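Asks: What follows is the residue order along each chain.
2 protein chains.
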Amino acid sequence: MYSFDLIKKDAGCDARLGLIHTTHGEVHTPAFMPVGTQGTVKSLTPEVIHTQRVEMILANTYHLYLRPGHDLIARMGGLHRFTNWSGPILTDSGGFQVYSLATLRKLSDDGVTFQSHIDGSSHFLTPELAIAVQETLGSDIMMCLDECPPYPSSRSRMEAAVNRTTQWAKRSRLAKRITGNALFGIVQGGIYPDLRKHSIELLLETDFDGYALGGLSVGEPTDEMLAVVSASVPDLPEKLPRYLMGVGTPDDIVQCVSRGIDMFDCVIPTRCARNGLLFTNQEKVVIKHARYREDDRPIDILCDCYTCKNFSRAYLRHLFIAGEILAMILNTIHNVRFYMSLMERIRDAIAKDAYGDFMAEWMSYNKGII
Amino acid sequence: MYSFDLIKKDAGCDARLGLIHTTHGEVHTPAFMPVGTQGTVKSLTPEVIHTQRVEMILANTYHLYLRPGHDLIARMGGLHRFTNWSGPILTDSGGFQVYSLATLRKLSDDGVTFQSHIDGSSHFLTPELAIAVQETLGSDIMMCLDECPPYPSSRSRMEAAVNRTTQWAKRSRLAKRITGNALFGIVQGGIYPDLRKHSIELLLETDFDGYALGGLSVGEPTDEMLAVVSASVPDLPEKLPRYLMGVGTPDDIVQCVSRGIDMFDCVIPTRCARNGLLFTNQEKVVIKHARYREDDRPIDILCDCYTCKNFSRAYLRHLFIAGEILAMILNTIHNVRFYMSLMERIRDAIAKDAYGDFMAEWMSYNKGII
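These protein sequences, in sequence, are chains A and B. Just so you know, we're using this note's numbering here: the first sequence kicks off at 22 and counts up by one. Just so you know, we're using this note's numbering here: the second sequence kicks off at 22 and counts up by one.
FYI, nobody ran anything at the bench for these hints, they're computed from the structure. All values derive from a computational prediction rather than experimental measurement. Note that CB positions come from ideal geometry on N, CA and C, so glycine has one too. Keep in mind that the hints are not guaranteed to be accurate.
[As the list claims (entries may be wrong)] So these bits of chain A aren't anywhere near chain B, every CB distance computed over 12 Å:
# : residue
1 : Lys30
2 : Gln118
3 : Gln188
4 : Arg194
5 : Tyr213
6 : Ser251
7 : Asn302
[Unchecked claim] With a Cα cut of at most 30 Å, we get these calculated BS3-like pairs of lysine-lysine:
#  : chain 1 : residue 1 : chain 2 : residue 2
8  : B       : Lys63     : B       : Lys330
9  : A       : Lys191    : A       : Lys260
10 : B       : Lys63     : A       : Lys305
11 : B       : Lys309    : A       : Lys63
12 : A       : Lys330    : B       : Lys330
13 : B       : Lys309    : B       : Lys63
14 : A       : Lys63     : B       : Lys63
15 : A       : Lys63     : B       : Lys305
16 : B       : Lys30     : B       : Lys218
17 : B       : Lys197    : B       : Lys260
18 : B       : Lys330    : A       : Lys63
19 : B       : Lys30     : B       : Lys373
20 : B       : Lys63     : A       : Lys309
21 : A       : Lys330    : B       : Lys63
[Unchecked claim] Footprint (simulated), chain A over chain B, 3 or more residues, beta carbon under 8 Å:
#  : segment
22 : 61-67
23 : 96-105
24 : 309-321
25 : 349-358
Full structure from sequences and hints, please.
Replies: Written out as structure tokens, the structure is:
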């Protein structure tokens with residue numbers, strides 16, 4: 022049964038500690054969710070994901086709806102059983118991928134028509150279908166279908182998107198059939214603070230289990246993103262979780278936690294890993310660089326992951342240059358663990374009412390890690 | 022310190038049980054070695070390889086010599102430490118890859134000149150260099166550089182190769198500097214039984230720690246391969262291990278064990294896994310086939326591997342079709358474990374003097390698994 026406990030606020034800023042309860046387990050917030058697009062966090066077994074102390078993953082409704090199909094997954098026992106991931110799963114609505122991956126989109130108040138990026142087949146996604154697909158998958162936290170215009174978009178375009186998103190949010194709430202899981206509403210409004218405020222007011226007319234900020238980290242400068250977060254969070258219900266969708270870098274996360282965000286997801290740790298960009302507490306490691314050719318040190322001497330405990334930068338460089346699959350596996354293990362470790366340190370700092378100091382230190386040492 | 026114990030022979034055929042001792046651990050024979058070409062068994066961490074109960078892996082001298090270079094590996098503490106594989110490693114001489122992968126080869130009695138398949142750089146591989154590279158890597162079992170003509174080759178071409186292989190074997194033995202590890206000689210002679218006999222006679226003039234049959238499974242019909250094995254093994258020293266290089270399918274292995282072979286290596290389990298061909302005790306599973314679309318069963322109900330204990334054919338099919346790295350990982354875990362389990366059953370049958378029955382049953386049920 023889904024619920025959220027707000028455990029405490031940091032004494033010096035808006036950072037919060039919380040605990041999400043789901044039928045598949047608990048999630049400590051602030052939380053980061055690695056992205057498992059097609060029913061797998063790329064290159065990791067569920068066992069390895071657990072070992073990195075990941076508590077919740079995100080799955081993409083758009084991808085799973087198209088392939089292998091939500092009905093097939095349901096017949097195989099639902100997404101948890103199908104993928105053998107026993108922890109909580111948050112699913113997006115599919116909307117963001119329709120806007121970014123699919124072609125020949127046609128939006129109406131009813132929903133969005135699109136062509137699959139896989140085989141060109143035509144589909145019609147409505148708020149009701151997005152909920153039905155997520156319920157069929159067995160999602161622990163579902164998201165409403167929203168309209169997410171590209172950046173930059175005009176104020177009038179964004180205003181229309183806010184209104185449509187509100188209507189779709191109401192329809193999503195009515196479409197929800199299953200109890201025990203959660204449904205989050207999504208705030209839109211681009212980089213216009215007053216539209217964000219308006220979007221929140223409209224969304225609050227409907228009861229949701231949490232609220233997400235959508236349409237950020239889509240190309241706008243970081244300062245604009247931070248300004249929107251700062252302007253929006255105070256209007257969100259204090260007792261409910263706040264989820265900043267698709268964000269971000271370690272620096273983004275550290276700064277948005279201080280503004281009261283509880284949940285994050287992003288492909289950065291996994292995608293960067295596959296491309297050989299590794300996060301550390303000291304420096305940015307582009308593993309293919311010649312300077313690591315005979316570097317016998319682990320990626321990060323402070324990291325407790327399997328990769329850092331067992332392999333040198335020289336070996337990881339060799340694997341990456343040789344195009345070995347093991348490079349992607351070991352790199353992903355490290356980056357995911359780096360993010361998880363960051364979230365652990367963040368929660369630790371909040372518990373001690375020391376988040377301000379933590380953030381100041383982080384930003385002075387780590388600014389520009391990516 | 023390397024040694025080999027011949028534990029027993031099956032009462033009804035030439036199958037043998039043995040135990041190889043190396044400074045990095047023991048290997049029960051008949052043994053199968055997965056291939057770790059570039060310092061990694063593709064898509065598996067060393068931890069996972071151990072979990073499949075692999076005892077020894079093969080590493081390719083040609084690849085590691087070219088990239089990242091044996092000297093670099095030595096400076097990183099040797100191949101075991103570099104790759105974090107703590108078990109025994111057998112290295113080939115590099116010859117086979119020079120003949121099959123490199124270009125502009127020029128053979129002389131001194132050695133072979135070739136151009137790297139990676140960057141076109143020119144190299145000269147001699148028997149002495151092949152030993153030096155393997156010793157630098159820290160190999161537990163080294164192989165002599167041999168000449169391995171393609172199939173088919175004329176009798177006179179093959180005779181010349183036998184003579185050169187013998188000379189190179191003598192030079193390899195003299196070049197060996199390190200004690201405690203092993204050096205195997207390689208029998209050539211193609212599909213000509215009398216040339217094989219001659220090659221063995223010549224090789225036996227030099228002391229080796231084991232003998233390999235090379236130049237098989239290079240395109241000749243299986244019956245020819247089996248005939249060569251049958252004709253050659255009786256001439257090999259009974260107290261030393263016999264290694265059939267590059268073989269093979271499960272059927273090949275089962276049949277060659279009955280002829281007295283103790284060691285095998287092959288890319289089949291790992292390469293087939295990456296291509297979606299999975300071995301089972303019942304049938305051949307080409308995982309992309311539509312018939313597995315909603316197949317909730319594991320690959321092999323009798324298999325004890327992580328993949329079979331946790332994932333359905335339907336999920337594995339989805340991962341494979343979606344091009345996910347996890348498909349390669351899970352498929353490889355299964356195929357490697359299938360081979361290891363086959364070797365365990367083979368050793369079990371020999372221990373009970375029941376290898377003939379085991380082979381008869383295997384061949385009647387499993388003929389044509391690949």
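Asks: Hint by hint, work out which the structure violates, then give me just those numbers in ascending order.
Replies: none
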